[in-house]
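A.B. asks: Take a look at the letters that make up each chain.
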Amino acid sequence: AQKVTQAQTEISVVEKEDVTLDCVYETRDTTYYLFWYKQPPSGELVFLIRRNSFDEQNEISGRYSWNFQKSTSSFNFTITASQVVDSAVYFCALSEEDNFNKFYFGSGTKLNVKP
Amino acid sequence: EAGVAQSPRYKIIEKRQSVAFWCNPISGHATLYWYQQILGQGPKLLIQFQNNGVVDDSQLPKDRFSAERLKGVDSTLKIQPAKLEDSAVYLCASSLGGSPSTNEKLFFGSGTQLSVL
Chain L
1 AQKVTQAQTE ISVVEKEDVT LDCVYETRDT TYYLFWYKQP PSGELVFLIR RNSFDEQNEI
61 SGRYSWNFQK STSSFNFTIT ASQVVDSAVY FCALSEEDNF NKFYFGSGTK LNVKP
Chain D
1 EAGVAQSPRY KIIEKRQSVA FWCNPISGHA TLYWYQQILG QGPKLLIQFQ NNGVVDDSQL
61 PKDRFSAERL KGVDSTLKIQ PAKLEDSAVY LCASSLGGSP STNEKLFFGS GTQLSVL
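Note that the protein sequences, when read in sequence, are chains L and D. When the count follows our numbering, it moves up by one through the first sequence with no breaks and lands on 115 for the last residue. When the count follows our numbering, it moves up by one through the second sequence with no breaks and lands on 117 for the last residue.
None of these hints come from the bench; they were simulated from the model. Note that the coordinates shown come from a computational prediction; the quantities given were computed from them, not determined experimentally. Hints are not guaranteed to be accurate.
[Said to hold, decoys possible] Okay, the calculated beta carbon distance ranges per label pair:
#1 L:Val46 x D:Ser7: 16 to 22 Å
#2 L:Asp55 x D:Gln59: 26 to 32 Å
#3 D:Gly3 x L:Glu56: 28 to 34 Å
#4 D:Ser27 x L:Thr72: 36 to 42 Å
No residue lacks a Cβ here, since even glycine has one placed at the ideal position from N, Cα and C.
Generate coordinates for the entire structure from the input sequences, incorporating the hints supplied.
C.D. replies: Written as structure tokens, this is what we have:
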């Protein structure tokens, strides 16, 4: 079974629009870690955020915000006032307590921000 | 701080040929990973090293893929013989490999794009 599901394959928005990328995960562990990575056209995945399962506080970093909902097993990512430089593929990932160094990635959401 | 270095950046080979990729992780990172990323998909773990020992190679096609991490630093991934379906980007990543409290995250290289014709 897929541990991380990103149902949105591709999203296109116009600059300055807000956009939310969805991530749903599946795990039986009570302690786990959730991540978002950005993959620009250059190819290198860049770390954006890490959340622990026991910390459900939502986080905001500039134009980026993350909504962690344990009840729905979701960890959604919102970009406010999107910019062309936000165009990339975004991956959600999960690691579990019994092997916290093993990361399960979703299939990614390609975000196109048009000027 | 230097990032994860990978080479070559691109490689084109014919099926049944062999190919090797090289990775030098961030200094001090105990854990090294090789991922395969097929176009339009997320990275799939091929092998995970902790220092120079293999932690997980359950998804490595061992009949054709091999990897080693001599001296627990840099690593090579080899495919022999290559098949058409091996066309993908091969990503190397590293992490500190400590405990969850060390805020583990992956640092990725730029990848090697392999085309098998």
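A.B. asks: Hints broken by the structure, by number, lowest first?
C.D. replies: Violated hints: none at all, because every hint is consistent with the structure.
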